[in-house]
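A.B. asks: If you use this note's numbering, the sequence shown corresponds to residues 1 to 112, in order.
What the hints contain is simulated information worked out from the structure, not anything from laboratory work.
Even for Gly, the Cβ is constructed at its ideal location relative to N, Cα and C.
One or more of the hints may lead you astray.
As the list claims (entries may be wrong) - The following label-pair restraints were derived from C-beta to C-beta distances:
1) MET91 with TRP8: 17 to 23 angstroms
2) LEU34 with SER70: 31 to 37 angstroms
3) GLN39 with TYR104: 29 to 35 angstroms
4) LYS53 with SER81: 29 to 35 angstroms
5) GLY96 with MET65: 27 to 33 angstroms
6) GLN82 with LYS49: 33 to 39 angstroms
7) MET91 with ASP10: 17 to 23 angstroms
Stated by the list, open to error - Here are the simulated lysine-lysine pairs, DSSO-like style, with alpha carbons at most 30 angstroms apart:
8) LYS106 with LYS60
9) LYS106 with LYS53
10) LYS49 with LYS106
11) LYS60 with LYS49
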Amino acid sequence: FRRSYADWADELDASYCFAEGHCTFTMASESPTLLDMEQMCDHRFGGRKGWTKNFVSNLKRLMDMPGVFSSLASARDGFQSQRITRVLSKMACAQGIFHCDVQYCKQTYCRS
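Using the sequences and the hints given, assemble the complete structure.
C.D. replies: Given below as structure tokens:
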């Protein structure tokens, strides 16, 4: 049985959503603004510095250690640790798309 890339992407996306608590994140409205997103990120990461500093270097360190990285994420089982998903959330904040991630998760993976 062969799985497609879409199957793996779904596993990674879903595990990111659940690991980061996007399904139960109550600060996100149905149509948040960029200012709302910045406030969500400030709240989630303890202020602006929590999501604007050093997150890329942390991810690079993890990815430079293949044995460690492969134990934290796999296409079959998704993300196994918040060490990676937390960095992805910070990147979403820095890119201005965190609120989009939350809504995507709620509409795609969080429904009963």
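A.B. asks: Hint by hint, note whether the structure agrees.
C.D. replies: These are the hints, each one checked on the structure:
Checked against the hint of 17 to 23 angstroms, the pair MET91 and TRP8 passes, with Cβ atoms roughly 20 angstroms apart. Restraint check, LEU34 to SER70: a C-beta distance of roughly 36 angstroms satisfies the suggested window 31 to 37 angstroms. The given range of 29 to 35 angstroms is broken by GLN39 and TYR104, whose C-beta atoms sit roughly 19 angstroms from each other. Checked against the hint of 29 to 35 angstroms, the C-beta distance between LYS53 and SER81 comes to roughly 21 angstroms, which is inconsistent with it.
Our hint of 27 to 33 angstroms for GLY96 and MET65 holds, since their Cβ atoms are close to 29 angstroms apart. The hinted range of 33 to 39 angstroms is not satisfied by GLN82 and LYS49, whose Cβ atoms lie roughly 19 angstroms apart. At roughly 20 angstroms, the beta carbons of MET91 and ASP10 sit within the given window of 17 to 23 angstroms. Simply put, LYS106 and LYS60 have alpha-carbon atoms about 28 angstroms apart, close enough for the 30 angstroms limit, and the pair holds.
Restraint check for LYS106 and LYS53: the C-alpha separation of about 27 angstroms stays at or below 30 angstroms, so the hint holds. Simply put, LYS49 and LYS106 have alpha-carbon atoms about 27 angstroms apart, close enough for the 30 angstroms limit, and the pair holds. For a cut-off of 30 angstroms, the pair hint linking LYS60 to LYS49 stands: about 19 angstroms separates their Cα positions.
Hints 3, 4, 6 from the earlier list are contradicted by this structure; the remaining hints agree with it.
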